[in-house]
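Protein chains: 2
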Amino acid sequence: MGLKKEEFDLESMDLPAALKDLSFEECRRLARQIRRTLITTVSKNGGHLSSNLGTVELTIALHRVFESPADKIVWDVGHQAYTHKLLTGRAGRFGTIRTEDGLSGFPRPDESEHDAFISGHSSTSVSAALGIAAAMKLKGDEHFTVAVLGDGALTGGESFEGLNNAGKSGTRLIIVLNYNEMSISKSVGATAKYLATLRTKDSYHKTKDAVENVLDRTPLVGQSIKKFVRSSKNAFKDMILHSTMFEDLGFEFVGPIDGHNIEELEKGLGAAKALECPTIVMVNTQKGHGYPPAEENPGGYHGVGAFDLSTGNPDVVPEDSWSAVFGRELVRLAHEDSRICAVTAAMKFGTGLQYFHKEIPDRFFDVGIAEQHAATFCGGLAAAGMIPVFAVYSTFLQRSYDQLLHDLAIMRVHAILGVDRAGIVGEDGETHQGLFDIPFLTTVPDITIYSPSNYRELELCLDKAVNEDKGLVAVRYPRGSESAELAEGEADTDMTCMTTEGARIAAVTYGRLFGELAKAREIAAERGFKFDIYKPVRIFPLSEELTERLKSYDKVYFFEECYGYGSIGEKYAARGVRCDRTAVHGFVPHGACGSLLDGLGLSAEKMAAKIMGRAENGKT
Amino acid sequence: MGLKKEEFDLESMDLPAALKDLSFEECRRLARQIRRTLITTVSKNGGHLSSNLGTVELTIALHRVFESPADKIVWDVGHQAYTHKLLTGRAGRFGTIRTEDGLSGFPRPDESEHDAFISGHSSTSVSAALGIAAAMKLKGDEHFTVAVLGDGALTGGESFEGLNNAGKSGTRLIIVLNYNEMSISKSVGATAKYLATLRTKDSYHKTKDAVENVLDRTPLVGQSIKKFVRSSKNAFKDMILHSTMFEDLGFEFVGPIDGHNIEELEKGLGAAKALECPTIVMVNTQKGHGYPPAEENPGGYHGVGAFDLSTGNPDVVPEDSWSAVFGRELVRLAHEDSRICAVTAAMKFGTGLQYFHKEIPDRFFDVGIAEQHAATFCGGLAAAGMIPVFAVYSTFLQRSYDQLLHDLAIMRVHAILGVDRAGIVGEDGETHQGLFDIPFLTTVPDITIYSPSNYRELELCLDKAVNEDKGLVAVRYPRGSESAELAEGEADTDMTCMTTEGARIAAVTYGRLFGELAKAREIAAERGFKFDIYKPVRIFPLSEELTERLKSYDKVYFFEECYGYGSIGEKYAARGVRCDRTAVHGFVPHGACGSLLDGLGLSAEKMAAKIMGRAENGKT
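Chains A and B, in that order, give the protein sequences.
Note that the first sequence covers residues 11 to 630 in the working numbering.
Note that the second sequence covers residues 11 to 630 in the working numbering.
Isolated chain A, as found in the complex:
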C-alpha cells in the first residue's frame, strides 16, 4: 500500500488487540490516517463518507475498551462501520469495499467474526444486540454487547420496541447513541427536538436547587460512573440531562461525550462497562469530521444540504433519474389537484421528493425512518379525502407490509406507492436489493401494480394511478436512469408488443429489463432467429389478453428482476401459460448492477442465449 513514514501498517498489526497498546497521541495519529483512507476509498468506490468520518474516534475507543469478538459490537444501519472494518483485519481488502466479491459496505457476520450482526435496514441494532446479550446472560457469558446507533435510527419504531425491552433486561447491554448534528432537523420529529435539547449548551439554565433535587433521586450507581460524571466539566448539567427520557425507560445514562475525543470516549465507555447493566452512552459526533473541504469551508459543507433527514444518506438523485422524474411529475400533478400529498420515510432526496418539498411544503411529510407509520398515516390522509403518495425504496417498503394490508387495503382507500429502487440496486448489496416488492405486493387484495420502462411511461402510470385508478396502486421503477434506447420507445400504461409474422416463440418482461430483452431480440435476429416480445406495463392484476396470446405460442420465456416465488411469470404459469422463467432465487450480494444482472441471466446476451437454447443459466 506504500505506507508513508509514521503511518501504521494496519495489515500486519494484530488488530483490534494492538490498539490497546497505543498512546492517546498515537490514537489521534491513527485517526488521521484512517480518515485519509476513508476519503480516498470512498471517493473511488462510493459509499457513505460523512457518517464514517464521524465514527473514527468512537470506533477506536470501542475497540480499546471492549474485547471484540468476545464482546459483541452491533452497528445500526451499518454504513458507519468502515473504520470498524479497517481495525478488524480487513485493511488489506478495504480497497475492494462495495465491489463484486469485495468487502460489503455493511457488517456481515460471514465476512468477519467481528461483525456480530448484519445490518442494512435501520433501527434493528437494539433488538439484535438485546438478543445477543440475553443469550450471553443465559450462557453465563459475562462479556458485553454494544449497539451503536445514530439519532436517525431512533425515529424508527423498532428502536423504541428494543429500548422498551432492553431497560429491564438485566443484561450487559450498552447502547451508544451517536448523535450527529448534521442529520438532525426539526422535521424529523419530536425525538430529534428532545435530543437537540440534550445537546444544546444554551438550554443549561437550571438552578442549583434543581440540581440537588435531581441528585437526591439519582439511583445508586457504580462508583466509577459517579467519579466520571463528577470529573466532567459539566457535571451538574450532565446530572440534570440524564434524568430524562432514557432514564424513564430504565437505563443508566452516561454523557453526552465529545465523540471526537478519544480520552473522553474511553472514560465514558469504561464507566458504562463498570455499571454492568443496560446503559445508554450518548456521544456527540460531527458528520464528516476531519474532511478537509469541510474544515476549510464549513459553511459550504453544511450548505450542501444533500443529506436526507435522519439518515444522513448522501444518496441525492441526479436530475436524470427515475426518482427525479417521479418527483417532478408528482409536483405537476399536485399543482392540479390539491388533495395530493407526498410522504417519505427520511428519503426526500433519494426519492426525488425534494421538488415537492420545495414547491408544496404544506402537503409534504417526512416522517423519519418510520415506514409503518408512513403507511398508516397515508391511510388516515386518504380516509379524510386526500390522495397520499408514499415514495419509498422497495426494500424498505417491506416494513409496511402489515399496514398495507390493514390500514390501506382493508380500508379500501385510494393511495399510491412510489416504489423506488425496485430490482437490483447494485453496490448496497443483499439488504437493499428490491427483489421482493412484487412477491409481497401481489398478496395484497385488489392492488394495482405498474412497472414502466421509460420516463414517459412512469409519468403516464403515475398520472393514471392518481387520477383514474382506485384503491391501492403501486408504481415501481428502478434505481438510476432510463437507458437511451428506451427513452425513444413507445409509452403505454397497459402493454407493448413487438411481434413478427410467424414467430412461434414469445418472451415477456417489464420495467427496465425491456431494454435488455429488445437487445436480445436484435442479437437473435442477426442470427436469423425470431421471437416476439410482450411487455406489460400494468403488470398486476394479470392480463387476460396476455394470457390468451401467450398460450398461442410454442414456447414462452419470462425474464424478471424479482424473486421467483411470487413473481409475475409464476402467476401466468399457474394460469396455464407454459413458460420457462428466469427470476432471482435467494439473496443477491453487492456488485455492479450490470454484472449482477448478467450473473442472474438477465443481460441481453444471456437472454438471447437462453431463448436460442444455448444456455441453462437461472432456469426455474
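Hints were generated in silico from the structure; no laboratory data involved.
If you're wondering where the values come from, they're calculated on a predicted model, not measured in any experiment.
Hints may contain errors.
No copy is singled out in the list; a pair is fine if it fits within one copy or between any two copies.
[To be verified] Calculated lysine to aspartate or glutamate pairs in the EDC-like style (CA-CA distance at most 16 Å, straight line):
| id | residue 1 | residue 2 |
| --- | --- | --- |
| 1 | Lys147 | Asp372 |
| 2 | Lys540 | Asp564 |
| 3 | Lys540 | Glu511 |
| 4 | Lys15 | Asp372 |
| 5 | Lys368 | Glu152 |
| 6 | Lys30 | Glu77 |
| 7 | Lys178 | Asp372 |
| 8 | Lys178 | Glu615 |
| 9 | Lys149 | Asp372 |
| 10 | Lys283 | Glu121 |
| 11 | Lys178 | Glu110 |
| 12 | Lys474 | Asp504 |
| 13 | Lys540 | Glu615 |
| 14 | Lys565 | Glu21 |
| 15 | Lys149 | Asp347 |
Given chain A, put chain B in place with the hints provided.
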C-alpha cells in the same frame, strides 16, 4: 328489548347528540345500563368484556365533549369500542355483534360514519389519527381528531413513530392514553414501568422548590388547562408529572384523570380541546370496572390471571387446543435442550406459552406488542447460539415481514416460527384472519413451512423444526382444537396419501382442511365416485415427488384456507400441475368458522360437490 323502568331507549334516542342533554346523574345511570348490556351480550357472543367495561364513562364523556362524526374518534385495536357502537346508532343491532352479517367486533367505517378508521391490529391509532388530523388541517377543517389507545398499544413501535411525528404536527390531535392497571405488568417493559410511576401516588415526593422550577419552564398554555390543572386535587403533582416523557416528545399533557368519573373526564377532555394543539390526556381506568363478580370478589377477579400482558386479551387457550399442544411440546423440547427460548409478543396465553413461562421463566420472553422487535431479537438470540421459537398469530406476523427477511433469512440463522391462528379465525373478522402467512412466508428465501393436521403431527413437526431443520422454519396451525376424526389419523412430517386403485382424480389440501376433504371423499364414495387425497405436511419447499404424482392424474383439485395469490396450489400449478384451485380471494369478514369455510367452498360438502363437478363455488 323490553326496557326496564328508568332505562334509556338507545334505539330511539338521537345519539350521540342527545348525550349532551343528560345530567351527570343520568350519565351515571346510562353507564350502569350500558354495563348490563355489555355483560349480557358478551356472555352470549363472546368478545372483549373487561376492556369494554373499562371505557364506558370515557366513551360517554368523549361523545359529550366532541361532535362525532365531524370530530373523528379513532380507537386503537378497537376492542374497547363497544360502548361507542351502542352510542352511535347501533344499539338495535348490538345483539348481533361478532355474528355473521352482524356488527363487527371492531370499528369499521363501512358500518358507521362514526367509526373514523378500521382497527384490529394494535398501535395504529396515533398514525391513522394524525393522517386524518393533517388532512383536516390542510382543508381548514377545525374539528378535532381523537385517538384512544391503551398502555399496551404503547409497547408497539408504530405508536412511537406516530407520537414522534404528532408532537410537532400543529394539528388538533388529542391522544387519550387509557391506562388500565390490569394489563400492566413489569414484564411489558420500560414504558409500563414509567407509566406506573406516573400513576402511583406514592411516587409524589417532590419539594416545593422543584415544583416551582418546573413551573418556570412550563410552556405557555391556554387558560382553561391552567385552570383545570390548578383546580385539581393534585395540582403540584400533576405539574411535575406532566413535565416528563410525553412533554419531551412535544405534547401538552393533561392528567391523570379518573376514567370512571364523567365530570373529571369532561373537564380534562375539554381542557385538551381548548389547547388546540397535540395533547395527551392520560386517563386511569380499571379493566372490568363495574362487573359485579369482580366487585364482589376483586381478589379472585385479579387472580384469574388470564389476561395477556399488555393486550389484556382474554383469549386464553383451553388445554385441548393447537396452541396448548404447541406450548406443552415446546416445554418438553426445551427441557431436553437448554438452547431453546420462547418468545411472544404479548400473547402468552393466546399461544399456549404460559406453560413455558411457568416452567422455564429464564428462557421465556414476552416483548409486548412488538412483532418487529420479536423477530430481530430472535435473530440476536440465534446469532449467539440459542434456538429461538417465536409463537405468534398469523395475522400479527405480518408486522415482522421485513425482519424475517433481513434479520433471520439473510443472517441464515436457525429460528422457528410458531404460526398460530393460521387460516380462518372466525368472529374476529377481516383484520384477524390468518390468510396471508403462506403467501408472504414463501417469499422468504430458504424457509421451510409445515402445516400439520392433527396434534401429533404438530408435535412431530415442531420436534423436527427444532432438532433437524436448518434456517428459518415455520410451523403453522389453526385456532381451536383438532377434529376428532383427525386425532386418530396418521402422523407424518412429510406427506400422507389416501389412494384407491384406479382413481383418476386427485385432491390436495393440508392442515385442518384435511378432515373436511376426507369427509368429502366419503360423501363421494357413497355415490360411487372415487378420488385420491394427497396431504403434504411439509408444504414448502414444494415436493418433487408430489409434483410428479399429481401430473399423472386426469384432474387435480387444490383446497386451501389461504389467499389465492401466493398459495401452495398456485406454485404447483406454475410447475406444471394442471389443477383447479379453491382458495380465498379478498378479505373475509367475521362469522362462525364453519360457516365462513362453507361460504369459501372449503366445507366437506362443497369440496365433494366441486370434485364431482356439480358446483362452481370459489373457482379460480
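Open item on the list: Of all the hints numbered above, which does this structure not satisfy? Sort the numbers upward.
Closed with: 4, 5, 8, 10, 11, 14
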